Each structure stands twice: as C-alpha cells, then as structure tokens.
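Engineer: Required output: the full structure, derived from the provided sequences and hints.
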Amino acid sequence: MKIRYIIIIIWAILVLAPLFLAWSHLHSISERSIFQVISDFNQRFQTKDSISYTFLVASLSTILTLIIGIPLAWNLGRYNWRYHNILRGIFTVPFVMPSILVAMGFLALLDWIDILIEHNHSSNIRFYSLLFAHAWFNLALVIRFCEPLLSTIDSSYEEACRLLPRGKTPKSRMINFWFPLMWPNIAASAALVFVFSFTSFALVKFITPSQRNLEVVMSNQAEWAGLDIPSLGRSPSEIVLASSTIQLITIVTALLLSSWLQSRSSGHHLSTMRDQRKPMSFFSKRGFYLIIMLFFIISPMIALITSSFTIRENNMMVFSLQGWEAAFGGSHSPTNVYQSLFSSIGYAFMTMLLSLPIGYFLSDTIFNLEKTNSKLAMLLDVLVMVPLALSAVMVGLGVLLGLIRTNPDLARSWWIPLYGHLMLTTPFVVRVLLPAMRNLNPQLEEAASLLGAGYIKRLISIRIKLLSPSLIVASSLVFAISIGEFGASWVVLRFTEFTTLPVMIGDLLSRPGYDPILRSAANAAGTILLLITLILFISVERFRPVGSGGDF
Amino acid sequence: MNANKAIILCLIIICTFFSGCTEDGNTTNENKLNIISYDAFGITQEMLDQFTNETGISVSITRAGNSGGVVSTAIQTKDTGLFDLSIGIDNSYLGTALSAEIFQPLETDRSIFSSRALTSYDGNLAIPFDLASVCINYDSTHVDGENITIPNSLWDFTDPSWEGKLAVQNPRTSSTGRSFFIATVDYFANDEDSQTNHEDWWKSMRSNNLIITDGWTTAYETHYSGGYGQWNDGFIGDAYAVVSYCHSPGVEAYFGGNWTTSVALDVEGASFPQIEYVSFLVGSDKSISANVFVDWLVSSEINSQMSTLNWMYPAIEGGDITEEAGYRWHSLVPVDCEIGISEINENISTWLDEWDTAMA
Amino acid sequence: MLICSNISKSYTNLILSNLNLEVGSDEIVALLGPSGSGKSTLLRIICGLENADSGKVIFNGIDLKEIPPEKRGIGMVFQNLALFPHLNVYDNLKFGLPSNSSNTRISEILDLVGLKEFESRRIQNLSGGEAQRVALARSLIAKPKMILLDEPLSSLDSDIKEALSMDVRKMIKSLSIPAIYVTHDPIIANKMADRVIYLEDENNKISN
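Protein chains in written order, with the working numbering: chain A, 966 to 1517; chain B, 83 to 442; chain C, 6 to 213.
Rather than coming from a laboratory, the hints here were simulated on the basis of the structure. On a predicted model such as this, the values are computed, not experimentally measured, just so you know. You may find that some hints are simply not true.
[As the list claims (entries may be wrong)] Derived DEER-like restraints, expressed as beta-carbon distance ranges:
id, chain 1, residue 1, chain 2, residue 2, range
1, A, Y1303, B, E428, 30 to 38 Å
2, B, N111, A, W1077, 27 to 35 Å
3, A, D1374, B, S289, 22 to 30 Å
4, B, D204, A, M1281, 44 to 52 Å
5, C, P90, A, Y1303, 25 to 33 Å
6, A, E1278, B, D238, 32 to 40 Å
7, A, D1193, B, E189, 30 to 38 Å
8, A, R969, B, N206, 41 to 49 Å
9, A, D1374, B, T223, 25 to 33 Å
10, B, E189, A, M1281, 30 to 38 Å
11, A, S989, B, E189, 48 to 56 Å
12, C, N130, A, P1036, 18 to 26 Å
13, A, W1077, B, V364, 32 to 40 Å
Even for Gly, the Cβ is constructed at its ideal location relative to N, Cα and C.
Structural biologist: Have a look at this one:
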C-alpha cells in the first residue's frame, strides 16, 4: 500500500511541479489577465485565428479519423486475415512514429500526388493533407479501442439478435446491437484523437506552415516566454500562459470524458476472451478495402524511404547514397547515426526500466480505486494522462526554471532528458496494463493467498506472470515512443553528447538546406528510425493477448 | 532468446551507456568549454576535435534554435555558470543582451576585424565572427523586367503585380525577419516620402497578401521559387521574392554549378548588416579557455572559411567569400541601413507590438 | 472446531445479520440457501478474503481477525476453481505445496484424486470434472486445517456430480478436518455432508 502512495506522490510532483513553476513564473511576468490576453488573440498576428484553427483542425481530424478508423477496426476485429498480427502492427505503428517523420513523409507524398494530379498547392490542399495526416497518425487509437472487443464478443449475442425482430438486417443490427455496445469505446477513442490532434505540432508546422495552432503559437513564443526584460515586452509570456491554459482545460476535459466513457463500456462483460473472428481472404471486397487502407498507411513511409535515396546534383534529382553515407559517417552533423541510435536505445531502455514499474503501480492503484471510489479513480486516471496534454514549451520552461533554482549543473546531466521520455511513455503503460488488470480473474490471487503465498509471491508468480503479455506490449510501446521522442527532448536543452536519433534528424533539418546532403541525410536517419519502430511493433504484436488492449 | 539472456543483454547495454556518461557537467573544469549556440553554427565536429587536440580544451555545444534562442537561454541561465560562451547573437539582439549584462570582457585584438564587422559594436563584450547583409532576393525567371518589373524601391512591392508573391519572416520568430524589419524601419524613416513610415508599408503589404512565415526555412524552401526549395518535398513556389541574405544567390550558385536564377535586390538602405558575435558569459570563470577558443574562431585559418562553414562572410579584415563556383560573383554587397543597437533595443518591443497589430 | 459468532456483513444491502455457526473438528457441514443469502460471503469471511462488519471467527480457539488469509491454514475451492491458467497441473499443485515439502506429494495427491499421469496437462485441456479434481487436490495438498468448498461441482452433470461428491467426502474425511460445503443441490448436500444447514435470506435464519 505505502509504495503505491509514494509512487502517486512522485508522479504528481513530476507532472505538476514543472507546470506550477512555469505557470507561476509566467504569471508573475504577465501584466494582463488570461482573459484579456485571449480576447486580444485575434488582434495580433502572432495569435490570430489560432484558437479557432486549433479547434477546427482537432474536430475535423477526429471526424475523419473515425470515418476511416471505424470500418478498419471492424474489418480487423470481425475477420481473421492471413498475417493478421503483421497487419495489425502496420495499422497501429503510425501512432508511435515521430511526428517530424510523418510530416516529412506526407510532404514527400504531396509531391508524388503533384506528379499524378497537378494541383496548385493551395492552402486547401495543405489543410486536407493535414487532416489526413492526423487520421493516419491516430487510426491506431480507434483500432485499439474497438478491435479487441469486436474480436472477442460472444457470437451468440449477435446470433440471438438476428433471430429477433429488431436485428434481422445488418443495418438494424448495427443500429440496435453494435452501436449501443460500441459507442463508449468509439467515443473514448474520439476523445483521445481530439487530444492528440489538438496538441499536434510538427504536422501543423510543416504541412500548413501558413497557419498556427496553439502549440505552434507557444513554440514561436518559447524563446522569450519567462523573460522579464522591457525590450522584449511581456506579450510572449502572456501568450504562452493564455495558450497553455486553454490547452490544459480543453485537454483535461477531453481526458475526463474519455475516462468516464471507458468506465461506461460494458462490452467486456460480453467478451469471451477467445478469438471469435471469422476467416476472410484478401480476394474479397473486404480484402480489397484492407489493401487500400494498407496502401494509405505505408505510402508516406515509402515516400520517406525513397526520398533518402535521392539527392539534388547539377540541378537534377538523382539516385544517391550520399545521404546515407553522411548520416552514418556524421560528416554533416555533430553525431552520426550509430552514436545517436545508441543514445536513443540507451534512453529507451532506461525509460522502460522506469516507466514500467511506475506505470504498473499507477495502474494498480486506479484498478483498486475503481472498486471503492470510482471518482477518485477517474481523477487519478486523468492525472496519469495529463503529461500528454502539457505543452512542451511549459514543460521545458518549468524544468529549466526548476534546475536553475536548485542545481544548474544538473541541466547538463544525461538523465534530465529522461524526464520527457518518462512523461510521454508512462501514460501508455497505464493504458495497456489497466484493461489487462481488469480482465484478470481476482480469484486467482485469492486462491494463491489461501495457498500460503504472501504479497511478493502472488505479485511475481501470479500477477506479473499473467500480465506478462501485456507487459511485453507495454515495453515495446515505451521503447518505440521513447526511441522516437522529439518534442520534450528538443525543448529541454539539447546537449551534443546525448543526441538521440530524432534530435539528430531535427538538427539536420533546422539548418539551411543549401547543401543537398543535409536533407538526404535527415531522410536516411529518418528511415532508420522508421524501420526500427516498424520491426519492433510488428514483432511484438504476437504477444498481444486476445481481447486485451482495450485502451491501447 | 530466453528471458535470462534478454535481461543480461539489457544490463550490458545499460552499463555501456552508463560508462559513457561518467563525466557530468563540471563547470569548474577549465579544460572544458560549454557553448550555447544557434542551430546553424557550421563549425564541424572534426574542427572542434582538432581544436581540442591542439589546445587540450574540449568543447561541448548546446543548440538553442536561432539567434533569439541563444539570447534568451543566455539570459535565463545568467550567473549559473551553465555556459561559458555564446555563439550567434547578432546585432539585432545585441542591445538586449548588453542591457541584460550577461557578458564578460574578452581580450581579442579588434584590429584584426574589418570595419564592416565593427560598425554596430566595437567593444570587448561581443566579438564578431561572421557577417552578412539581409535583403530581398528575387527569382529572375519571373522578375525579369517584362512579366514583373524589377523593384527599385520597397514601395514597388505594393504593386498589384506583386500580390502574394513576396515571402518574409515574422520578425518575432526569425532573426532574418527581425533584421529585415529593422531595415524597413530605417529605410522608410530616411526615404524621400516623409509622410509615410514602415508601418504604412507593412499595412500596404498586408493588403497585398504578403506571405509571412515563422522562419527562414519555410519562406525560402517552401515558398521561394528561385531557390533550392524546388528540389525539396512540400515545395510550393508561390513567392517570386523572399527575405534572405544578399549572398544567398551566391550559395545557390555554389551548389548549383555556378548557376542560379536567384538575384539579390540592390536597393540602397533596404538591407540590414547582420553581424554575429561570440561572447564570454557572466558566471563562467574560464576566461583563459574562452579567450583561446575565441582567438581560434577568429583566426585567419578558421575565420576565412566562414563562407563555406557558416555560409556567411568572415569578420576579419581581408576576409571574403570564396570565388569558387560563382559564389562571390552571384553575391551582392549592398549599401545597408544604418541603425544603432541602442536605438533597436529601446524601440524594438514597441515596433514589434505595432507590427503585430498591423498584420493581424 | 470453527465458531462463527454474530457475523454481520453488508455491502449496499445487508447480506449477513448476526449469523452464528459451529462446525465440529472433523465435521462436514453443507450450507444450502437461495442466491444472495450470503453463503459465499460467509466462506470468504471465514478464510479471510473479506472482513465481517461485526462478529468473530474463532478456529481451534484462536480469533482469526488479525490473521491474514495466507496464514490461516484454511483451504478453499472456488466456484470457478481459480486454477492458474499459465501453469500446468503439476505447477498448480506445486503452488500449494510448502517449499520444504517433497514433490512426491504431488504424485500422491494426483493418485488420490484419480488423475495420475496428468502432471504435464495444461489447465485449458482438462474436462470439467478433471479440473475440479485438480482444484480440490491443490487445496488439499497444503494439508489445510479446514477446507471450504464454494459450489465446486455446480457446472457438472448430475451423475458426475454425485459420484464426485462422494469422492470429495472420502478425501476430506481421510484428513479428519472440518469442512463447509456450499451448494444449491439438497441431494448432494444430504449425500456428502454430516449436517445440512439451510441459510435463509430473511435475517439469515439458520435451520437444520
């Protein structure tokens, strides 16, 4: 019990302390209230239309993601395909792709489309591309929330429905049986898709550079936020404070909604925990649909990979390995792929070692609280997810302020970037372990206890053993997210010694691209990151237990 | 692989990682310099390693975005000793940095610098290491005097033929944007028309669908039709002119086999003389190492290579960009605006707030 | 000997109200009653998986209140058997064996329940009756001082149930330990128990 509370307190401090530091510092500098600043947003170029744009993009992205994702989840959940695990891995891997790679891939894809269908690169095309990029990115959420239940729902329920007047046609069964069953899962996934689209940064910045959402606005003000210097003015601090407040309120509301909706999901009572999918061939209408979706998912990846093998030479694009040589040789960057990959893997392992136990204890606490105090459980669930809602700018500022006020030398420590990795991965550990814990038969541990097993023996021999498939899935998720982590590492100071692969890619992209090798090297490094993440995700899919992963 | 082997492998990887991390940030070690720099700093790791081999001083560089990022980070970490040197603060930010009192004196001999390098500031708190002028570049494919007239004044850009065809950077988020913005302040304060100022021009440009981007990269790579961006993914190419450096066409030619359609606009006073500085930060006690590094950076051997390392002009007397591949031939050395760093520092906040409102 | 004295327990509604029950040293008591009468709850209180709101559980003269379930020495066979799905038959039984005991005991107990040669069988591959025997064997291998059985045969056919219940009685009697057997089936209750107690819903009246 005590360890549990200590973990919660530590987590709360890790999450809230930087936020509090940043918030109070910005508040002390600001001259105007948050409401005054917000009411002024459309009177300033820096912030004009950013609030409406953020909500518009998030809402439309969510709708598009559901339109694409629900049929996909249906086909994956109801039918068993050859290489099903590989397919599921491919469809869900986009979620852990570094967003900067996704942006690069979609921009490359736009050029392909330009070759096939001439378009004028209007802002509309870019806007639609952004929505599709968000859908591509967040499909995994819809699949993960819906597919496990669809794949294990006891077939006798639908069979009974078919024999009843209100279930005789597929449409009527969809309306009267499936929708009432699935809507909490769909809505919970929609709330999370909204969260991730709302806080999107790299995709908005690169695909629609002429528009700004709140995350881009904050990033633009990041340099000067927190500085109390007359020549800089107060508006950067005020804008960051106001923007992050809007973001936090919106996201926390969405997370609460998602948590509440998941608790309403009754589907797991109808789940048999056995695979109920029917075999289906690719040579069918559904198979054709799946192939199209597969193409949708892999085309940005292929675009990125092919870009890494081309370079501008004598004002022509030619096939070349120069980018790969520069990436691996480090001729155009402070590190090379080997060193930065090693750093990435090192950070990923350490993140795994930290986030798994922290995530386990947080999940266990929420699970136990659900039986006695469901409201507190929901609040704790939201606290776990809050790091995903925090602006990287606020986190980076808070961490820097904390370090400066306590021990500035710590800023150079190799383990400081771990903070960002931990914050971003632990919520996903909880999302994987919590439904797995809910699916555990509680009498197994009770039986073990009556057989004389104390807490440790029950934990190791029963609980961890039964949760091990989910732990493997959580580990791979942590590893994949950590290895591609970019935002938080970028905001907390970037020290050369511990440059990770995504930061190396960001470094290459942030320099003027006169030298064609820079872009090609960035694409080559990006390809390595893409392939590692893909292989990891697909190979771990076979460990995913049937019917689990109701959250992720 | 069974579980035991997997655990052992994990431990080996972690221990190997740890073994490379034994040295923590020790700011009192005179033989290690911690430098905060902008992202575009082009000195290679090989050159830094060579410096270490020759002097015994190791160098660790932290990237902080653009010039503004370097200033803000240096101010945030003032007196902490976290960093010893800053690289990349330019003269559009120098006044802010000086008023924040974040620098300590360096002992560099200033007689080695060109007069151009010392125009904005010639004290010992900031040593110039490279420079260039910020101005408008245009694509001669489209701006050929027939389809669109080559402008000979900034007011020409308000003509309907230029609607939506000029890309500039947001002066709050881009150092080139900021430099160009300051140039317009001075340009319109000193032009023949005393009834109008920079605010009027910017408002007119807004009405003429000026493209405003957050950074140089988006303006130059994505929007500008005359640059290397046409070879990159996501290229739009709707801007026939862009704010960049007056020697950007030279860099284009350097990589383009002595060929480019990009030309620097030669309008007197419509360019800003951007000078970038290296400074020794308050809170550091490594004056010996700092001076050794700065002397190395502005030495003839290193500084003369600035045109191909940092894509800027050297700061030292006699330094120039290379003639190779038409780099120098395609570059313009303009007559820049003249505005002091004190005036910039006193007014920039107000100017930017007014700009922000005017552009909304 | 087990003495339950004035046991009360409620969740949202009252489940047990001042219930008193005694079970002799080697007596098998069958507990009958309708659904919701508190039978399973009573078993869970006796073995320590739940705490009573009031009342005492005294076993062999010792108040069990402060003693955790793993130290009470009371075995239980659950309704759904709660066999560990990730362990085979051998490992399930080994789980119940004290660490200083010989593994030959496993073979002995499997022999006793008629499941010799089943050691390496996976739990998922057992029939209902076989799984029930394994669950019983697991709870007996630890040589408990008392055993509780919560409708362990409810999912089986009636003829198998009858045969198995006699086997269960034989095995328990061989250990000379008290046992409480919860069931819905009065025939089974009469066949295997020394005494049948009927737990009524209203105020938990107990009638023999």
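Engineer: Indicate, hint by hint, whether the structure satisfies it.
Structural biologist: Against the structure, the hints come out as follows:
{"no.": "1", "hint": "Y1303/A to E428/B: 30 to 38 Å", "verdict": "violated (50 Å)"}
{"no.": "2", "hint": "N111/B to W1077/A: 27 to 35 Å", "verdict": "violated (52 Å)"}
{"no.": "3", "hint": "D1374/A to S289/B: 22 to 30 Å", "verdict": "violated (52 Å)"}
{"no.": "4", "hint": "D204/B to M1281/A: 44 to 52 Å", "verdict": "holds (47 Å)"}
{"no.": "5", "hint": "P90/C to Y1303/A: 25 to 33 Å", "verdict": "violated (44 Å)"}
{"no.": "6", "hint": "E1278/A to D238/B: 32 to 40 Å", "verdict": "holds (36 Å)"}
{"no.": "7", "hint": "D1193/A to E189/B: 30 to 38 Å", "verdict": "holds (32 Å)"}
{"no.": "8", "hint": "R969/A to N206/B: 41 to 49 Å", "verdict": "violated (59 Å)"}
{"no.": "9", "hint": "D1374/A to T223/B: 25 to 33 Å", "verdict": "violated (54 Å)"}
{"no.": "10", "hint": "E189/B to M1281/A: 30 to 38 Å", "verdict": "violated (50 Å)"}
{"no.": "11", "hint": "S989/A to E189/B: 48 to 56 Å", "verdict": "violated (41 Å)"}
{"no.": "12", "hint": "N130/C to P1036/A: 18 to 26 Å", "verdict": "violated (38 Å)"}
{"no.": "13", "hint": "W1077/A to V364/B: 32 to 40 Å", "verdict": "violated (52 Å)"}
Checked against the numbered hints given earlier, this structure breaks hints 1, 2, 3, 5, 8, 9, 10, 11, 12, 13; the rest are met.
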